[in-house]
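J.: Residues per chain are reported as follows:
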Amino acid sequence: MKAQPDLTQVEKDKLEINPDFDFREIAKRPFEDITPNELAMFKWSGVYHQLQPSFFMIRVVTPGGRMTTRQFNRAVDLGEQYAQGELCITTRQTLQYHWIRKEDIYKIIEGMAEVGITTKNGCGDVPRNIIGDSLAGAGPNQIGDSLKLIRLMADDDEIQNQRNLPRKHKISVASSNDALAQTLMNCQGWVPVERDGVVGWKYHAGGGLGARPYLAKLIFDWVPEELVIDVTRAAIEAFRRHGDRRRRAHSRLKVVVDQMGAKKFGDVLIDIMKEKGVQGLEQIEYAKDPTPNIGRMSINGEEVIPQKTADRSIVRVMIPRSELKTAQSRTISQLADELGGGIIMFTNRQNIELHDVPNENVVALLAALHHAGFRTAGHEHFPDIVACVGTTMCKMAVSDSPDAYHRLYAALAHDEHYWKSIGTLRINITGCPNNCAHAWIADIGLRGTRTRNAEGGSVEGYSIFVGGKLSEAGKIAEYLCEATNDEIVPAVKKILDTYLANRSNDSELFVDFCARIGIELFQKLITSE
Amino acid sequence: MKQLLNEAEELINAGQCNEAVELLCRQGVPEDTRVFELIALAHHKRNAARGDVFSAAVFAGRAISSGSTNPLMQDIIAASKRQDKPSDAHLAPQDYTLGGWNEKRPAVDAPLASCALSKLNGKADAPKDFDWLGKNIPCQKACPASTDIPGYLSAIYEGRHADAYNINLRDNVFPAVLGRVCARPCESECRHGWDGLGEPVAICFSKRSAADFKQQDLVVMDKWFAASGKRVAVIGAGPAGLAAARQLALLGHAVTVYEKHSTPGGMMNQGIPVFRLPRDIIAKEVEQITALGVEIVCNTEVGKTITLSQLAEQNDAVVMAAGTLRPNLLDLPGKELEGIRHGLDFLLDVNDNGTTEIGEKVVVIGGGFTAMDCARTARRLGATTVQVEEELADKTVPGSILRMPKGNVNVWYRRSVDEMLVTPGEIEELEHEHIPLETMVTPKAYIGENGKMKAMRFIRTELGEPDASGRRRPVEIKGSEFEIPVDTVLLATGQFPDTAWIDDALKAELAEEDGWLKSGSAYATAKDKIFAAGDYATGASSLIQAIGHAKECVRAVDQFLTGKVRLKDFAKIEDVTDSGRIREMDAVPLQAMPTLGLEKRDLRSEVELGFDKETSIDETQRCYQCHYKYEIDSDKCIYCDWCVKAKPRPDCILKVKELKHDDEGRIVGWEIAKTADEVNLIWINQEDCIRCGACVAACPVDAISIQKVSLVTEPVA
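Going down the list, the protein sequences come from chains A and B.
Under numbering that gives the first Met the number 0, the first sequence has 243 at position 244, and the numbering climbs by one with no breaks.
Under numbering that gives the first Met the number 0, the second sequence has 576 at position 577, and the numbering climbs by one with no breaks.
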């Protein structure tokens, strides 16, 4: 008989190994008795074996990126006790612990569960932490209640108990038509629209970065709010049925949608909902044009943003390289309680926003933050660099992205005049093609690489991409040049100087400059002396 | 605690850094200054990658903040910091040259010494190209006729049996014949049969299926060149002679083959029994040669009807392909007794006449192709009345028409089974047909009574040092002599070329006194016009070896006739996007050849029945398709290691510090990098690659190309 494709090892493991491990039992089990297959399935509980043997990473799930200070305090306590006094903010608006011993995994999981935070679905081939934008529940332009939908999705059994999807699955729910919610790089992206006082949702699907990036297509122009959960479930079901389980590099929903096209994918969703007996499908309107049109980011460097509620504000705190030490965390938490509204919001640029700050406390809060050494200026500008953990702790990484972050930051973040003259600028540094730090959609994206030396050996460095964005129809950044790790600072400086010298006027944003001159000319400009 | 710290320090000093960290962590969350110091030290000492530099710095920092004054901790932190280049960066886009699986490569010289071949695409003919072919397609390399085995196996897999036959025909002249009786040197080299990878592909049986399932019309090949006006005589219509004749005809020469026997085919016809090789199969493939204009003159014995000198006069060249017909008879006491025959003579008799006289207790001496054929033929002779009772006594073979009583035909061989030169599967068939095989015995004397064979004396042997053939020499064990009753002895003890027929005018120039050619296995002889091909030059070998030798000989003849090299070998390189294989094909078991039941076996019925079409496809999917080259574009590679993580074998993808080349640019070795910075290439070691494609699937930047590389021989103007 002709050989038939069998299940891959990952697919077999997913069927054969129950991902709901008893980590108290794991704590007692000798490490050598844990099979590599089990170790891989730890991810379903948010637990990853770290690059350094003997240590684990644990990622929690914070739907929408919001925590109360009570929850945050618990996270900080556990970090101090078990994670070498440090927490890391992820690009999907949640927290990660590193340096956890096998014996302490259950302590983190149980400790966070006591304050209502789970690690289930933190990683693995499951729907991951559902994100939105950091302004959710507070921002001045909100339409509807995105946090309510996020909470519904996070609590929905059908969505959350998908433990065997072809690959990870990412959902975003925006609080307004704003690129801040990263709609176009998620598998499913919801954007609110209001018609005659009624809130409904635009539905996008098929975005995803990784090694081969895809931007989402607009599937439905209008989904009534009461059908949003049904459509979300149907898309997961469509993914389950149609995702390529054979080739992991091609298994995400982005490939399914790309191959089907927007209209057919919409049909598949409608058919699945019909199968399930979902009523009211005639209210769903197919997209007239699958090209998305996402609003440009509404925030641009503000330190304080007035909330929709007149007497409250959002105060924004920059967290260098996303690393929160215990003492800093306690300060933030204390200030959030004393001067803010007791709410901590993690942003997808790995920073923190304090929500519901009474307006009268804003000045004092800013002063206290500055006093404690926090920066509140420079968001969405040069100092606001995103970097993954790179080779410091990740098995997949090629380059030490935190190192590049620190050197860029040290070299240019303090030159306020310089970076203010540049204006809005998002630099994302990702250590490998997986693009956890989203280099594809940044103004300047650095992706880790090594380059062969003709004389021998190889040198760590970056491939530099420019001009990516998630607004309007979106744009994947284009390849500009290479830089070795010791050239990062001069390389970025040269790119920025080239932009400054050639932009049409002071208000031409970097991203618009890239689009106007085109990549070939940009390459010529930076390679010329 | 103190003891634990000491133990950990000892482990670090011994280079067991991971074990040290594990030990330190076992006691609780690291929070003690000395524990921090030691974890920092362990990672610092391991220093295999940036992760170690980082973790060393993290724990050094923890150590300092908890009160450590150890200066090494500061040093570790300082060493983790990198410096920026002060100068202006010289930025440049990467300039890709080779590209990944979905890119087209130009037919230009390969830009890097690390490239597997001398060109990126098209036709290449540098030493490194042929070196690659030889090392990477081991079956083709092992085949003396260089048949494109992956090429025809993939055609069979795709159901294109006729194409498969034609691919095979191009190189091996007799695909249907060799699909049955080839010695199969290819199979023992097959990558699938390497340690831990399973069984070799049944290349030979698959080849037969191509012949079985193609359209049954004659295949007449296109000639490479128009008529040259040159005439060539070939002596002997055996495998070598016919192969030489066909190649000469394709080159445009007029060829006449002289054969002393009544039918062409040589050893195929006169040696191999019909039950292994039906005669219509030979006839058809011979007809494909005569269809090219080759004239075969049978019943013409050179030396009698016409002399070599005359042939040389009348032709522009002569190829002697007279095979090995001079039997090697054992010079033992009693050699004059009745009942002793050479095996080839015996087989010829049976093949010509359908039967021959044979006694009741037959001994075959030897351990090669002829021995097997003699034994199995002898087993099929004899009186039917005798066998019925004998065979019925054995419940496993009721009604067998293997006529010689079970156990009355024996094969005796002086070395062990491992040294036997037989077609794979034949020893099993011997056993299946209940023919005892006795190894490690050597004959000492024929013992007679009234001038007839009565018994045979043997002595037991043990294996000593290898002899000239590379096989271990049998050494007699003193005092182990014994006798067995025998009335017929068949000597399958080898045969030599016969030069007795060469006329006196040429004999001194061409032949040694011992009857061998002076020119040895060379194609040319001392006489310009006269060449030698196949077993006649090399001594007895296999069909495929004779064909391979004859093909090469013809190149020399053609160059002699035309004064030019008119055939050229290339490595043909083609871009492909996918090999069409899935990994599960590797797990498909070797397909068994169906055989005729013992009760139906006789002198004429073919024992091996051939694969059915479906089985041929099942079997050929097992081929790794070694002609695919998986190669990393080292300009495009980002050294992420993901292919290394996905690799199925320990050495198929290597992190190389340096590749070693010889003067001709061939890659002859490598040095493995010890640290990340030392890695100059992530390099697919194609000799160890099993063509699974896991690396292509894993590569996130599409830096791995797949190309089909085939050995082609083409006429050149």
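Read the hints as simulated data drawn from the structure, not as lab findings.
Remember, predicted model here, so these are calculated numbers, not experimental data.
A virtual CB, placed ideally from N, CA and C, is assigned to each residue, including glycine.
Do not take every clue at face value.
[What the hints assert, rightly or not] Listed next, with one range per pair, are the computed distances between beta-carbon atoms: (1) B:V416 - A:G455: 27 to 35 Å; (2) B:D687 - A:K394: 37 to 45 Å; (3) B:L71 - A:E31: 38 to 46 Å; (4) B:Q82 - A:V192: 50 to 58 Å; (5) B:E686 - A:K273: 52 to 60 Å; (6) A:D32 - B:Q26: 55 to 63 Å.
[To be verified] In silico lysine-lysine, DSSO-like type, Cα no more than 30 Å apart, as pairs: (7) B:K612 - A:K1; (8) A:K493 - A:K119; (9) B:K80 - A:K419; (10) B:K654 - A:K493; (11) B:K80 - A:K324; (12) B:K635 - A:K167; (13) B:K644 - A:K167; (14) B:K1 - A:K27; (15) A:K1 - B:K213; (16) A:K419 - A:K394; (17) B:K635 - A:K394; (18) A:K1 - B:K644; (19) B:K644 - A:K119; (20) B:K259 - B:K528; (21) A:K419 - B:K84; (22) A:K394 - B:K506; (23) B:K506 - B:K526; (24) B:K528 - A:K492; (25) A:K474 - B:K103; (26) B:K673 - A:K394; (27) B:K1 - A:K42; (28) A:K493 - B:K635; (29) B:K673 - A:K523; (30) A:K11 - B:K644; (31) A:K474 - B:K635; (32) A:K394 - B:K526.
J.: Indicate, hint by hint, whether the structure satisfies it.
T.: For each hint, the structure was consulted:
1. B:V416 - A:G455: 27 to 35 Å: violated (51 Å)
2. B:D687 - A:K394: 37 to 45 Å: violated (24 Å)
3. B:L71 - A:E31: 38 to 46 Å: violated (31 Å)
4. B:Q82 - A:V192: 50 to 58 Å: For B:Q82 and A:V192 the Cβ distance comes to about 52 Å; the hint holds.
5. B:E686 - A:K273: 52 to 60 Å: holds (56 Å)
6. A:D32 - B:Q26: 55 to 63 Å: Violated, since A:D32 and B:Q26 (Cβ atoms, about 20 Å apart) do not stay within the stated range.
7. B:K612 - A:K1: holds (12 Å)
8. A:K493 - A:K119: violated (44 Å)
9. B:K80 - A:K419: holds (28 Å)
10. B:K654 - A:K493: With a Cα-Cα distance of about 34 Å, the restraint between B:K654 and A:K493 is violated, given a limit of 30 Å.
11. B:K80 - A:K324: Distance of about 20 Å is within 30 Å: holds.
12. B:K635 - A:K167: holds (27 Å)
13. B:K644 - A:K167: Holds: B:K644 and A:K167 sit about 20 Å apart, inside 30 Å.
14. B:K1 - A:K27: holds (24 Å)
15. A:K1 - B:K213: Holds, at about 20 Å.
16. A:K419 - A:K394: Not satisfied, since the Cα-Cα distance of roughly 36 Å exceeds 30 Å.
17. B:K635 - A:K394: Within the cut-off at roughly 21 Å; holds.
18. A:K1 - B:K644: Judged against 30 Å, a Cα distance of about 28 Å means the pair holds.
19. B:K644 - A:K119: holds (27 Å)
20. B:K259 - B:K528: holds (22 Å)
21. A:K419 - B:K84: Judged against 30 Å, a Cα distance of about 25 Å means the pair holds.
22. A:K394 - B:K506: Given pair A:K394, B:K506 is violated - Cα atoms ~76 Å apart, limit 30 Å.
23. B:K506 - B:K526: Holds - the C-alpha atoms of B:K526 and B:K506 are around 11 Å apart, at most 30 Å.
24. B:K528 - A:K492: violated (78 Å)
25. A:K474 - B:K103: With Cα atoms ~27 Å apart, A:K474 and B:K103 stay inside 30 Å; holds.
26. B:K673 - A:K394: holds (18 Å)
27. B:K1 - A:K42: Violated - the C-alpha atoms of A:K42 and B:K1 are around 36 Å apart, more than 30 Å.
28. A:K493 - B:K635: holds (24 Å)
29. B:K673 - A:K523: violated (38 Å)
30. A:K11 - B:K644: With Cα atoms ~19 Å apart, A:K11 and B:K644 stay inside 30 Å; holds.
31. A:K474 - B:K635: holds (23 Å)
32. A:K394 - B:K526: Distance of about 71 Å is beyond 30 Å: violated.
The structure fails to meet hints 1, 2, 3, 6, 8, 10, 16, 22, 24, 27, 29 and 32 from the earlier list, while all remaining hints are met.
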